[in-house]
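Let's have the full structure, built from the sequences with the hints guiding it.
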Amino acid sequence: MADGTITIDGQTVPFTEGQTIMQAAEAAGVYIAHLCHHPEFRPHGSCKLCTVKAGGRHVAACTAPASDGLEVENESEELAAGRRALLQLLFVEGNHYCPFCERSGNCQLQALAYRYGMVEPHFPHFYPQREVDASHPDVVLERNRCILCALCVRASRDVDGKHVFDIVGRGIHARLAVNSASGRLADTDLAPGDRALEVCPVGAIIVRGRGFAVPIGERLYDHRPINEIGNRVPESEQ
Amino acid sequence: MESLDDEGVVLRVGEVAARHGDDPHRLVQILRDVQAALHHVPAAALDGLAQRLGLARVQVEGVATFYSHLSATARGHYHFLFSDGYTDRMLGREALVEQLCAALGVERGVPSADGRVTIEDTACTGLCDQGPAGLVNGRPLSGLGPMRIETIAGLVKLGVPVDEWPQELFDVADNIHRRDLLLAGPIQSGDGVRAVLERGAEATLAEVERAGLRGRGGAGFPTARKWGFCRQAEADERVVACNADEGEPGTFKDRVLLHTQPDLVFEGMTVCARVIGARRGLVYLRGEYAFLREPLEAVLAERRRQGLLGKAILGAEGFDFDIEIHLGAGAYICGEESAMIESLEGHRGTPRIRPPFPVVSGYLGLPTVVDNVESFAAAGAIAAHGGDWFCACGTAESTGTKLLSVAGDCARPGIYEFPFGVTVAEVLEACGGSGARAVQVGGPSGTCIGQTEFSRRIAFEDLATGGAFTVFGPGRDMVEVALHHSRFFAHESCGFCTPCRVGTSVLAQGLERIARGGAGRADLEPLKQLSGVMRSMSHCGLGMTAANPFMQTLERFPEDYEERLAGDDVMPAFDLDAALAEARALSGRDDAHAHLEQRHG
Amino acid sequence: MSKIRIATTSLAGCFGCHMSILDIDEKLFDLAAVAEFDRSPITDIKQCGPCDIGIVEGGVCNAENVEVLREFRRHCKVLIACGACAITGGIPALRNGVPLVECMAEAYLDGIGTENPSRTVPNDPELPLLLNRVHPIQEVVRIDHFLPGCPPPAEAIWQAISDLLAGREPTLSYTQLHYD
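Chains as they are written, first to last, in the numbering used here: chain A, 1 to 238; chain B, 1 to 601; chain C, 1 to 180.
None of these hints come from the bench; they were simulated from the model. Here a beta-carbon is modelled for each residue, glycine too, at the ideal position from N, C-alpha and C. Keep in mind that the hints are not guaranteed to be accurate.
To be verified - Heads up, incomplete: computed chain C residues facing chain A, CB under 7 Å, no partners named:
1. A84
2. P128
3. L177
4. Y179
Structure below.
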């Protein structure tokens with residue numbers, strides 16, 4: 001597969017050999033919704049928010065290779081409805097209480113829900129019982145908000161070389177676990193400065209002491225939508 | 001039961017790991033052995049294995065918590081897994097499980113007080129033609145009835161080891177009712193391999209292509225094309241993998257093939273190895289079929305003796321190929337080929353991102369052909385008899401025959417080998433299932449049809465199937481069928497992608513509400529929409545088809561839904577009065593205000 | 001032209017959403033010109049009569065909440081879920097992670113400053129019985145429109161009401177749609 005161009009909602013976007021639709025879109029400044037994708041890490045393809053219609057088929061833009069002449073549909077009403085449903089599923093699966101979440105306003109899950117006009121969760125809440133791990137002096141692991149994107153897993157394993165996190169369990173019982181016999185974050189070798197602390201798209205990994213540095217109402221996604229700003233973790237950018 | 005301290009556990013798992021060469025890629029096999037030795041995979045085993053295999057503990061934990069047959073808490077010395085296929089239910093399995101629980105004083109899913117006995121439910125064990133069925137310590141129990149349960153309860157009470165139980169308890173019948181190409185005239189072992197040596201690899205590939213063989217797992221990908229891709233992939237080593245993870249509820253034809261025609265299956269794998277240039281063959285046998293392992297190993301040993309496996313097969317210099325059997329550990333998803341490869345490599349059974357496809361990058365990154373048991377059997381026969389012999393049978397687009405696993409409401413459940421193109425009505429006629437209300441072709445992930453469609457044909461161009469043919473007689477409640485299978489998919493979802501992980505659970509809960517009369521017509525809309533999202537946005541076939549039972553029964557048997565719907569409006573999503581029960585108990589109240597009607601007044 | 005009737009109530013909520021309704025400030029005069037309030041903390045009417053619009057704050061945490069919600073659904077042509085608690089359960093739903101028996105023990109038996117010599121949970125029928133979990137209101141009755149936020153901004157509330165008055169589908173702009 002050589003270099004070429006694809007179109008995204010009619011706009012011509014060039015790609016280089018080996019690029020995914022998402023990578024080509026990012027390079028061209030075209031926003032495709034996503035949560036588990038991060039340009040620095042290997043494609044994962046689990047959240048499915050980036051599902052687009054390419055050549056008439058539904059594919060995850062973050063894993064589907066670009067190929068010359070491919071026509072990609074990104075912001076259609078049908079895809080928006082599908083993405084809204086995925087967001088609603090993520091909201092009811094966990095315990096997402098935006099009003100008192102440190103990440104509110106900077107949260108990518110919330111920002112995408114704003115972007116797709118989600119006003120209600122649509123499906124019955126699961127209200128799962130999940131453990132909060134506050135054992136670590138520098139970090140709180142708030143599993144109620146975890147969406148299993150595995151960005152921290154990849155960052156810790158592939159960048160930090162530590163493998164502090166991984167997904168255990170199956171199906172709806174899948175959960176984020178940490179690498180210690182006690183199951184406590186304090187007993188892992190997680191340390192300040194780890195890349196794994198700076199990639200969480202939601203409020204599941206919270207570095208202590210900076211939660212409310214910027215007041216609610218003045219945060220990243222409070223006034224401008226994520227498709228204009230991109231997926232960012234502003235606390236780590238300061 | 002022997003109980004070990006942590007140090008003892010670490011020592012013991014070290015021995016197990018050593019037997020597997022401390023190979024992290026054998027982690028699933030190692031964990032199976034640990035489970036068998038210790039009746040569970042204790043926390044200390046995770047530490048021991050992590051250290052020993054050079055893995056992170058949390059990684060080992062991830063694998064150990066993925067598979068149903070592995071458990072963190074101790075299972076009994078007598079560990080019963082009762083098949084919870086819908087056909088088992090139709091045959092009255094619920095009462096039998098209750099009977100055994102009562103006889104042994106055990107609560108389902110909870111170890112007995114002395115820890116000796118555990119009784120649990122498990123997904124369909126592939127004995128649907130002779131259910132109700134189950135497993136005790138991995139050995140098959142079939143044709144269960146009150147008498148057998150009484151016998152079994154007696155043996156447990158007397159403390160007779162399972163190995164000393166009467167053999168007839170473990171008999172598994174083949175129940176072959178119709179034989180055709182594959183089952184009627186089995187080839188002599190070695191015929192296929194000899195033919196490929198005489199004809200040459202390229203010409204054999206051409207024969208497979210002429211035969212028009214398509215994947216028998218249900219997807220129907222042309223086998224010759226798959227082999228051709230793998231053959232062309234640049235690599236020093238290639239792999240042949242046989243998918244014997246027959247987990248689709250209602251399917252059991254691979255069990256019968258592996259029991260009656262193992263040589264033919266291995267023949268096909270060896271032919272494939274010659275065509276693509278593979279040295280390594282793997283069979284991924286579903287954990288529920290562990291009882292087939294020993295006989296299969298014996299067949300492999302015999303084939304090695306005959307020079308049909310090993311170095312320089314039949315004297316052909318450089319034709320080195322051998323086959324190794326891996327066991328699954330209770331995960332339907334591992335029937336998906338890339339999840340199967342992950343499992344073979346010792347990981348969680350999460351389907352991979354594709355491309356690359358296994359023919360380019362499969363087991364350990366090597367080009368790998370993954371084919372169904374029946375596909376290999378057909379390939380072995382095609383190598384021996386030629387492509388024309390095969391494609392003379394069936395339809396233009398679906399050549400050859402298909403083994404159907406017939407079960408449910410019919411007089412003669414079992415295996416029927418029919419040429420492709422046979423109608424559903426013809427199969428029903430043959431098995432004594434005429435008058436059926438519905439037939440589920442291809443299992444819950446396949447197609448469920450009603451009488452008006454019984455003239456449809458079993459063929460890739462009409463009703464594609466991996467082999468399940470489940471008959472539902474008059475009076476069967478299709479909402480219950482859909483609910484059962486929705487729960488199955490929720491249980492088997494790997495949890496990787498959002499639509500499947502969450503969607504299957506939402507759907508199962510929704511169907512529970514519908515089934516107990518707790519839903520209104522307006523409650524159907526979100527479920528229909530969700531079904532569409534699951535179909536279009538899921539990572540793999542499990543999520544894409546998990547809503548089939550709901551959507552298809554809603555479309556074809558709307559009357560079953562209609563009679564349950566409580567009006568046009570939405571109904572409460574939870575049982576209101578039940579939600580007050582705890583507070584009633586705590587306060588001791590039972591007055592009028594302490595209750596709520598479910599229906600809006 | 002007769003005035004439209006609006007009813008409001010707070011179930012398992014904090015009345016913060018009602019404060020936000022009052023925060024529409026001078027637009028209250030515009031509203032009063034075209035609408036009158038039925039059951040609402042503003043009127044102190046105890047039973048909801050036939051209404052055009054019902055606004056419900058808070059989720060359902062007890063049997064009385066369910067009854068009031070049903071009363072609103074019966075009498076209101078259009079029902080609006082107002083605020084995070086109504087839509088997600090919100091803060092009260094935090095107790096969903098705690099067994100009810102522990103909640104009751106904390107409230108009536110063991111809480112700091114609690115004096116309860118009989119060591120019993122009250123059983124007066126006047127006290128609404130708690131549900132084992134707090135639920136959003138759309139899990140009990142059909143809801144027509146949703147106004148997220150904790151509380152929803154006054155502009156969002158006014159937007160929705162004025163849209164409805166004008167016969168339009170309520171639509172929130174990006175800055176009016178907030179969960180916090």
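Now the hints, each set against the structure:
1. Given the 7 Å rule on beta carbons, the hint for C:A84 holds: about 5 Å separates it from the nearest Cβ of chain A.
2. Among the interface hints, the one on C:P128 is violated; its C-beta lies about 20 Å from the nearest C-beta in chain A, farther than the 7 Å criterion.
3. With a cut of 7 Å, the hint placing C:L177 at the interface with chain A holds, because the nearest CB-to-CB distance is about 5 Å.
4. The beta carbon of C:Y179 comes within 4 Å of a beta carbon in chain A, closer than 7 Å, and the hint placing it at the interface holds.
When each numbered hint is compared with the structure, a violation occurs for hint 2 only.
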